[in-house]
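Chains F and H, in that order, give the protein sequences. Per full-length UniProt numbering, residue 1 is the first one in the first sequence, and the count goes up by one each step. Per full-length UniProt numbering, residue 1 is the first one in the second sequence, and the count goes up by one each step.
Derived by calculation from the structure, the hints in this document are not laboratory data. Among the hints, a few may not be true.
Any copy will do: because identical chains look the same in the list, a pair fits if it lies in one copy or spans two.
[Claimed, not checked] Straight line, CA to CA, 16 Å or less: simulated EDC-like cross-link-like pairs of lysine to aspartate or glutamate:
#1 Lys-119 to Glu-97
#2 Lys-161 to Asp-125
#3 Lys-108 to Glu-97
#4 Lys-119 to Asp-84
#5 Lys-240 to Glu-268
#6 Lys-108 to Asp-84
#7 Lys-122 to Asp-53
#8 Lys-108 to Asp-222
#9 Lys-122 to Glu-26
#10 Lys-161 to Glu-131
#11 Lys-260 to Glu-56
#12 Lys-240 to Asp-222
Number of protein chains: 2
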Amino acid sequence: MVRVTKNQEYTDKTLYLPGPTEVREEVIEAMAEPMFGHRSERMTDLYTTIVEDTKEFLDTDQDVMVLTASGTEFWEATTLNLVDDRMLVPTSGAFSERQANVAERLGKAVDRIEYEWGKAVKPEDVRETLEAGDYDAVGAVMNETSTGVRNPIEEIGEVLKEYPDTYFIVDAISCLGGDYIDIEGSGIDAIFTSTQKAFAMPPGLAVCTVSDAAYEREVASDSASWYGGFQRALDYYDRKGQTHSTPAVPLMLAYRRQMKHMLEEGHEERDRRHREMAAYTRDWAREHFGLFAEEGYRSQTVTCVENTRDIDVEATIEAVSEEYDMVFSSGYGPLTEEAFRIGHMGEHDLESIRALTDAIEDVAGL
Amino acid sequence: MVRVTKNQEYTDKTLYLPGPTEVREEVIEAMAEPMFGHRSERMTDLYTTIVEDTKEFLDTDQDVMVLTASGTEFWEATTLNLVDDRMLVPTSGAFSERQANVAERLGKAVDRIEYEWGKAVKPEDVRETLEAGDYDAVGAVMNETSTGVRNPIEEIGEVLKEYPDTYFIVDAISCLGGDYIDIEGSGIDAIFTSTQKAFAMPPGLAVCTVSDAAYEREVASDSASWYGGFQRALDYYDRKGQTHSTPAVPLMLAYRRQMKHMLEEGHEERDRRHREMAAYTRDWAREHFGLFAEEGYRSQTVTCVENTRDIDVEATIEAVSEEYDMVFSSGYGPLTEEAFRIGHMGEHDLESIRALTDAIEDVAGL
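Isolated chain F, as found in the complex (with noise of 0.2 Å):
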């Protein structure tokens, strides 16, 4: 069962979100430190120890930055460093076209490959766009929160292979750490998630991995971010084992704990169990349900469940919160009545999962 924190009356509600989800009490009790210099030898014990740990967890031997923003600073941040001109964005839900969204804002010019929600992003439709065009970079969405799709992200970075001059950017805010992935293997430049998420840490925190390509394309290049700017970052560490600019510590101090514990279930275990919660909540799904997401792309932290019986959505989502006291999600903006979403992810198990379809049959008299 999943440690849930209950010792404030305001807040005993179980967190079945697409993120933020539940954050074991330790971690918590870890920001609740005083301050402390961040250009002193104690941060870069706190912030080495978190990037290495980092790139044991994830497997990797790319560079690590952890930044203070959320998920988004580091689409724009990709976008800067890495996209003169032109990118390729498939979009198949509100992240992905938000993704979109944050380069045209930029001023940079967006091709898309355009998908139904729910749909999952085909490798070959990414093979003809790069035939017929040229892109600095090909972003893409590997978790989609509001579909709950899982893109085939390694076979399109198979494709991404042909094309060494286009970089490979990967959004996998919602299921990084719930989800592996090769990241070296899958041709991936840049993959970013926030802490919130499968990470199971306060939200506030930013990670993002750096292949060696896309450090020797920012530092070629004559425009980039400053604040998500990768040689600022990854020179800074190497010089001083810092963050390039203040850091927001008492999350950091959150981090270390957290990956501490990430690091003794150890990734392949936090897959294996993710996926289980995964194919127990489809197969509930399935009973009670449908399924929204495409057969053979459905996340593994993320179930998004078609509302095939047409129950109250919202009404279901308040009594299982007032009654139970656990919350999950409805549908993402169009779909708020046509589906709901459970999170399963970060320090859920199947215990806990059970527990909330147990709840939610009660409600909805399943």
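We have chain F; now place chain H onto it with these hints.
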């Protein structure tokens, strides 16, 4: 006496750095709360309280955004949002130079007015440069942390009023909350700080005010930041009372607690207390050493003491830390041994600053 927090053995040092500074214990404790969704009503309560209290404390009707980031992100975002081509940055220390660097890294043209370290920016130089050139914005540092100079932002603002199409961006990172400024009266379009300085909160959040003109400029612009976008943040706040991307909730809990305290003290009293600490520190510095910053332009939050006695700065810092558990700062960069810096900001008061100067006198044998 500042209410220092010493409940854990490994952090028994009182911080007199130019940030981070001491954080009151109840503010640190406010972070240790279980997770809740950042799209919940509870988040709306939290964030609207923070924003409205900040506007009240800053004595401004401008819009306010609180972003999960260090202050550096607002250098980047304000440049992306307000500068198409060319920016003017008067440089007189490490941080104004960095402001110029950030803009250049983003691919903007930057003209500098260069001053010797320790000198203040002169409004007449800004006027002269604006008469000769065409600039999207002027970016100035209010409080040069590296030199202890407080630039005459109000007078520079007077000059800028003659150039309504040139936006005025002010980095007030190391002084806002400890040095009152009339934001609208000074013609400022965006002024920002980060929380670990005179606000006396944990690091990890940054605050920016936005004039109507700056907002309109961004809306009309072809390119802007998404993460640090004024439009994005302020529209979302208007519609939902929340942040447009995932916020560092624990830091916002700390922010709310401390901002209540700051409002109770009031901005006039907070300004007076900082003026008093600065006057004391300068008198002490004059008696035993010298002052690095130009007469008439000395900071209310950081005093840069010129090492006229040629004491061993690093050894003195080390000994004061060892014997008195107090931490202050050496000179910045090239000034390491030529100066030392005392941060008198946030929750410090005369008594706590005296305790530090007594300790320095003892250790240095003054």
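**OP:** Measure nothing new, just compare the shortest in-copy and cross-copy C-alpha distances for Lys-108 and Asp-222 to 16 Å and report within, between, both or neither.
**Re:** Close inside one copy (15 Å) and across copies (10 Å); limit 16 Å.
Original post:
Can you tell me if Lys-161 and Glu-131 fall within 16 Å by alpha carbon in one copy, between copies, both or neither?
Top reply: Only inside one copy: Lys-161 and Glu-131 sit 13 Å apart there, 53 Å across copies, limit 16 Å.
Subject >> Homomeric proximity label, Lys-260 with Glu-56: Cα distance no greater than 16 Å >> reply: within (11 Å within a copy, 42 Å between copies)
**OP:** Evaluate Lys-119 and Glu-97 at a C-alpha cut-off of 16 Å and name the case that applies: within, between, both or neither.
**Re:** within (14 Å within a copy, 49 Å between copies)
Original post:
16 Å Cα cut-off: does Lys-240 pair with Glu-268 within a copy, between copies, both or neither?
Top reply: neither (32 Å within a copy, 40 Å between copies)
**OP:** Give the relationship of Lys-122 and Asp-53 under a CA distance limit of 16 Å: within one copy only, between copies only, both, or neither.
**Re:** neither (33 Å within a copy, 49 Å between copies)
**OP:** Evaluate Lys-108 and Asp-84 at a C-alpha cut-off of 16 Å and name the case that applies: within, between, both or neither.
**Re:** both (7 Å within a copy, 14 Å between copies)
Original post:
Between Lys-122 and Glu-26, at a C-alpha cutoff of 16 Å, which is it: within one copy, between copies, both, or neither?
Top reply: neither (42 Å within a copy, 52 Å between copies)
Original post:
For the identical chains here, do Lys-240 and Asp-222 meet the 16 Å Cα criterion within one copy, between copies, both, or neither?
Top reply: neither (26 Å within a copy, 38 Å between copies)
Subject >> Alpha-carbon proximity context of Lys-108 and Glu-97, limit 16 Å >> reply: Answer is within; shortest intra-copy Cα gap is 14 Å, inter-copy 28 Å.
Subject >> Status of Asp-125 relative to Lys-161 across identical chains (alpha carbons, at most 16 Å) >> reply: within (15 Å within a copy, 54 Å between copies)
**OP:** Have a look at Lys-119 and Asp-84 and pick one of within, between, both or neither, based on CA distance no larger than 16 Å.
**Re:** neither (29 Å within a copy, 39 Å between copies)
Of the hints listed earlier, those the structure fails to meet are numbers 4, 5, 7, 9, 12, in rising order.
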